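If you read the protein sequences in the order shown, they are chains A and B.
Under the numbering used here, residues 1 to 523 are what the first sequence spells out, in order.
Under the numbering used here, residues 1 to 435 are what the second sequence spells out, in order.
Hints may contain errors.
[To be verified] Restricting the straight-line Cα-Cα distance to at most 27 Å, the calculated cross-link-like pairs of lysine-lysine (DSSO-like) are:
#, chain 1, residue 1, chain 2, residue 2
1, B, Lys259, B, Lys272
2, B, Lys199, A, Lys165
3, B, Lys346, A, Lys131
4, B, Lys346, A, Lys84
5, B, Lys82, A, Lys18
6, A, Lys57, B, Lys244
7, B, Lys244, B, Lys55
8, B, Lys78, A, Lys18
9, A, Lys131, B, Lys368
10, A, Lys57, B, Lys199
11, B, Lys10, B, Lys414
12, A, Lys84, B, Lys82
13, B, Lys414, A, Lys18
14, A, Lys18, A, Lys60
15, A, Lys27, B, Lys199
16, A, Lys84, B, Lys368
17, A, Lys60, B, Lys415
18, B, Lys379, A, Lys131
19, A, Lys165, B, Lys244
20, B, Lys199, B, Lys272
21, A, Lys340, A, Lys213
22, B, Lys415, A, Lys84
23, B, Lys41, B, Lys78
FYI, nobody ran anything at the bench for these hints, they're computed from the structure.
Given the structure is predicted, the values throughout are model-derived calculations rather than measurements.
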Amino acid sequence: MSDLVNLTIDDVAVSVPKGTMLIEAAKQAGVLVPHYCYHPSLPSPAVCRMCLVEVEKAPKLLPACVTAAAEGQVVNVHSPQAEKARESVLEFLLINHPLDCPICDQAGECELQDYVFQEGRAGTRYSDYAKRYNPVEDFGPDVLYVPNRCILCTRCVRFMEDVAKTPVLNVSERGDRAYIGIDPGQRLEHPWSGNVVDLCPVGSLISKDFLHKARAWDLDKTASICPGCTQGCNMMIDTRDGAVVRLRPRANLEVNRHFMCDVGRSDYRWMNRGDRAEVPLVRDGQRLVPTDWDAAAERLAALVQSAGRVVVLASGRASLESLGWVRRLLEGRQVTAAIKVPLGDEAPLAGVPDLALRKERVPNLDGARLAGYDASWADAIGRLDGASLVVLLDVELMDAELDRAARAEALVALTTLDDERLKGATLLLPVTSMVEEHGTYVNRSLRVQRYVQAKAAPGMARAAWWIAAEAWALGEPGRSAPDTAAAAFARLSETIPTLGGMTYGDLGLTGRVADAAARSAAR
Amino acid sequence: MGFPHPSHPKETVLLSKHFGEPGARSFAGWTERGGYQALKKALGMTPEAIIEELKASGLRGRGGAGFPTGLKWSFMPKGDGKPHYLCCNADESEPGTFKDREIMRWTPHALIEGCAIACHAIGAEVCYIYIRGEFTDPLQVMEQAVAEAYGNGALGGNAFGSGKRIEIVLFRGAGAYICGEETALMNSLEGKRGNPRIKPPFPAAAGVFGMPTTINNVETLAAVPHIINRGAVWYKALCLGNPKSTGTKLFSVCGHVLKPGNYEVTLGFPMKELIYDLAGGMRPGRTLKAVIPGGSSVPIMNRAEAESALCDYEGIVEQGSMLGSAGFIVMDDSADIVYEVYRLAKFYAHESCAQCTQCREGTAWTTKILERILKGQGKPEDLDLLLELSDQMTGKTICVLSDSCAAPIVSGIKKFRSEFDAYLSRAKAPALASA
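Only chain A is shown next, with the shape it has when bound in the complex (with noise of 0.2 Å):
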């Protein structure tokens, strides 16, 4: 154990690896030291001073970011010489401050707020002065700088320099004269640069986009993943009043750090869509005719029964649970499953290893694998001519492709759209998107990973596992279908060999690497 070394922060006991700072340390024992320049994705300065811990034996205080603990070290995080040099950065943070909170996007989720509520003065010494102005920049395509709000962390500057690896942000000036600059003709149109306005603990780096559109404490916040790219960045949804207002990254340090790219976090639009598929249909001569759940399940039951060459369109945003069960329902069949992806171009963070946003614009490419869609999208379309049955699972044709997938026996369109050019199916059983479900997706490195439902389905719109399971469990006596996301997802771990047998529980909400999963079970 001599890589661990024990000292005492706010007379609790830890112990850490060598080499760990007194502010990580701390966490261990619980407490939280208030600071602004330090982020644990990115170097740390030391210039805020909010960390400054007494150490014990030390001359003078120490800032915990930079400090590594030691053999024996005694920290005082609240002794009242810290706590008067905390009072006393965060007073002279406030002098320049405008104290615009009203009107400011980041109240409520402020970090300045929050400190100086915790330990700042209630009133101002400083009342004498105009307070420092400069105006608003527009620094980029989707971020705008406030520099009265800001602080001068520093942390916007070492992003872009030490993480994006594209140091277009400065400091420019010195003195209480000093502000973030932006290099002559330079934009923030890197394409991972909207994290700026997130690590910005103050409302001084904001998102255009989300201007104005909501207060913190309005929104309900949900754990989830980005369904943008076969990364799969762990991330959060904002929802105010059950709409979808911001995505944002959540920590997970083995896929994402801290961060998601541009496209991830704008792709939402989307998830509020009205136009959505709301009531089973079944086909009776020339209608569609609405019907319920059960009878809904005895068709689809029937016309996989009766089915023999079948062929699976998915989309490559449909979760694990989905595609598992609908590929368990087709069990016995002659099937093609395959799934859509839709490619771009690769974006990487220069400075994070293994971090990009991935060619492969879908979140589950590796979960289809698993689950046996293995045919190419270009085989499968061929095999479209002559199946007898065809399911269409939330994925968007072209026009050419879907008048072949009609021409087969049966058509089932899973979808969560109101779409027109579906109204040919034998089928037609609306689902929840993946905002409305909880499910998995399987990223690029076999990490399994959880994403919880954020907002209520509409109208009768159940998830797709839920649907392929009914059927299923109609196709013999004696089977019962999982009725909640959990069971879904266990029941397919059993059978799939490379999940060995893994459930929510050992998933938690960062996920585990389905490999060592199953060499664990192996042993």
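The hints should help you fit chain B onto chain A, whose structure is shown.
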């Protein structure tokens, strides 16, 4: 010192012996005056022997901190396979300090020789001399001297045939005060914004370009050849009673004295004699009021403290201040301490690099409070506020710029409180017009 005033008998001229002699600037002229003997001797010594000699001499850094030079050199890693660098801090931007400028103007080869010896001692092949941007004249003299040193084989791939590569690169700063702070200087040298770095790592571990670096002041390096030539024992004997402060030191004396200039005396010399005898004392009818002895970044001394202080590292601390760069700002009874303190605070507010919160905001805020006091708009609570802000600006930041702003404020209020009170009570007319 010899320039512009003739040497005073009480001076001990070592570094300043050839000040005012244009002939000493050339390689030939310097050699005639005994120059480069020390470098030739040092090149025949082992680095360890040189460092031991320096340690034994008691030489301490002349830039302000007074760290033992030999000890600093000994911190350089041995056999690490990395390039080592020597940095010479010639940024001399401390208010009231103008000694390094004269060394470079008159005896450029003394500095070059000291740099070359230090390079050999610390295993560096390259020395950067970071010269203050405003030093146009010293830069020209140094450029000429370095070119001559190369031309005469003292520098280059095979210094004086020793097989050692010793290069000197002159780098001109852009005029920021903070670039005289050693780590800000290194950032500036690397082409970055001149922001001080967090220590650790210390320069000996990771300095210029991340490599082991020793950084010394001009005056420190210029003293080295004398120690090599005449030995540590001789140098250590240059001492007036305090064995911790040895050798000679240039004191830049400016302000209200009749003969401002650089004076070289043995450390431990009485400040009273320095001011009254060497620097000519006060103007007729004036009396001494205060001295800021270390450049501007140290506490102000009142008359009693100044007149009883001994000019060495410990002696000035005993009298409530610090030796610093030994640039004496002398003030007679015509000086307005409140205004002087304000003027200094304004300087620091202008020069703050803006990294640390206390410094960025505190230097500007204290300046504004002092300004309002001088405008006759001060409030009764202002002095307590200044003291509290100064306390929070002391010992809390990456470098000591913030502390340097606080030191004159705190000492000014503590030692000359009545002058502040005179403005606060409106007994004294405002010194600044209100806007």
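Going down the list of hints, with the structure as the test:
1. Lys259/B - Lys272/B: Holds, at about 14 Å.
2. Lys199/B - Lys165/A: Satisfied, since the Cα-Cα distance of roughly 25 Å is no more than 27 Å.
3. Lys346/B - Lys131/A: Holds, at roughly 18 Å.
4. Lys346/B - Lys84/A: It holds: about 26 Å lies between the C-alpha atoms, which stays within 27 Å.
5. Lys82/B - Lys18/A: holds (26 Å)
6. Lys57/A - Lys244/B: Judged against 27 Å, a Cα distance of about 26 Å means the pair holds.
7. Lys244/B - Lys55/B: holds (12 Å)
8. Lys78/B - Lys18/A: holds (26 Å)
9. Lys131/A - Lys368/B: Measuring from Cα to Cα gives roughly 12 Å; hence the hint holds.
10. Lys57/A - Lys199/B: holds (18 Å)
11. Lys10/B - Lys414/B: Violated. Lys10/B to Lys414/B sits at ~34 Å, over the 27 Å cutoff.
12. Lys84/A - Lys82/B: Not satisfied, since the Cα-Cα distance of roughly 44 Å exceeds 27 Å.
13. Lys414/B - Lys18/A: This hinted pair is violated, its Cα atoms lying about 45 Å apart.
14. Lys18/A - Lys60/A: At roughly 22 Å apart (the allowed maximum being 27 Å), Lys60/A and Lys18/A satisfy the hint.
15. Lys27/A - Lys199/B: holds (24 Å)
16. Lys84/A - Lys368/B: Holds, at about 23 Å.
17. Lys60/A - Lys415/B: holds (25 Å)
18. Lys379/B - Lys131/A: Status holds; Cα separation ~20 Å.
19. Lys165/A - Lys244/B: Roughly 49 Å between the alpha carbons, so the hint for Lys165/A and Lys244/B is violated.
20. Lys199/B - Lys272/B: Violated. Lys199/B to Lys272/B sits at ~38 Å, over the 27 Å cutoff.
21. Lys340/A - Lys213/A: Violated, at roughly 34 Å.
22. Lys415/B - Lys84/A: holds (26 Å)
23. Lys41/B - Lys78/B: holds (22 Å)
Of the numbered hints listed earlier, those contradicted by the structure are 11, 12, 13, 19, 20 and 21.
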